[in-house]
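Visitor: In order, the protein sequence lines correspond to chains A and B.
Numbered according to the working numbering, the first sequence terminates at residue 385, and the numbering increases by one at each position without gaps.
Numbered according to the working numbering, the second sequence terminates at residue 362, and the numbering increases by one at each position without gaps.
No lab work stands behind these hints: they were computed from the structure.
All values derive from a computational prediction rather than experimental measurement.
Okay, the calculated bits of chain B under chain A, using three or more residues with CB under 8 Å as the criterion: (1) 221-234; (2) 237-246; (3) 249-257; (4) 317-326.
All residues carry an ideal CB built from backbone N, CA and C; glycine is no exception.
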Amino acid sequence: MTITTDLDRRFREAAAAAGLLDAGFDVVESPIGPLFVAVTPRGLLRIEFGGDGAEEHLELLARLAGPRVLRAPRAVDETKRELDQYFAGTRHAFDVTVDLRGVRPFAEQVLWELARVPYGETTTYGALAAKVGAPRAARAVGTVMNRNPIPIVLPCHRVVGANGSLTGYAGGLDVKERLLRLEGAII
Amino acid sequence: MEGVSVPPFESFYAQHRDDVLALLRRRLGAQAAEDAFQETFLRALHAYPRLEHARHLRAWVLTIAGRVAIDAHRRARPDGGELPELPVEDGRPDWAGLGELTDGLPPTERAAVVLRYGFDLPYDRIAAALGSSPDAARQAASSGVRRLRGRSAS
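Please take these sequences and the hints and turn them into a complete structure.
Guide: Given below as structure tokens:
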């Protein structure tokens with residue numbers, strides 16, 4: 199006995215609509231490939247590159263937000279809409295609130311500063327370090343970027359090396375380049 | 209969150225949904241089993257954070273399903289009628305906007321309002337899903353609605 203797609207969809211919708219989830223997630227398509235997106239009642243919790251391995255992300259979500267983790271397209275609707283607009287070039291700033299649970303205080307400070315780097319501009323690890331009052335912590339800032347829980351929305355792709363090189367990106371350097379090109383930060 | 213010993217609900221649901229539906233179909237028939245399926249997993253979802261370990265999860269959810277089936281029989285008997293279908297608009301339940309509208313209500317009130325007005329469930333089913341009494345469910349829904357009215361008036 200296998201349940202129908204429709205019955206499955208209705209349960210997932212009801213669960214999300216009734217506000218009974220600690221975290222709802224889905225894999226959404228984008229021009230840079232599938233993205234795993236997870237949202238809690240507090241806001242957007244994670245974006246991961248690649249739709250595969252959603253299973254392994256679930257344990258992490260449960261640890262961070264609570265065990266009621268369910269695939270629920272409705273829960274990520276708002277984020278998906280903003281991402282679509284971003285990739286279409288019609289949105290330059292995200293309005294979704296973010297949930298930075300599980301992020302250490304230094305990283306959180308860096309990520310808030312990162313969130314203020316404008317669309318279409320780049321900054322450096324060192325400059326970001328200076329902004330949080332730790333000018334010698336460029337390397338630590340690099341680590342924070344590397345572990346950014348919400349890439350694209352928290353724009354770590356806008357952070358480059360002091361010599362202008364792209365350095366690194368969790369989604370791959372080609373994706374970083376593509377995002378910067380989309381924003382007109384590089385030609 | 210420390211000490212989470214139950215699996216993420218998604219894994220639990222994927223593992224047991226077919227068995228739950230099979231049991232409900234045997235007890236209630238194909239049509240009524242669908243509503244009971246939804247109610248079973250909503251109840252499970254509600255109680256899930258209070259589970260202290262991951263043992264006997266299959267037995268646990270089948271017990272819930274069994275109770276839902278008994279409740280469904282009881283409800284069906286007095287008037288012999290089936291439960292109303294969820295109101296559907298363009299093939300989607302009419303919950304659109306309700307989730308957003310009720311955002312920020314206390315969890316129980318929110319669930320009661322959504323299940324009553326979005327899914328048109330009777331209070332005894334909502335009570336079952338929330339693990340409370342029909343009166344408490346009715347009260348939660350009406351204080352939720354009062355709160356929403358108050359909010360839109362201010």
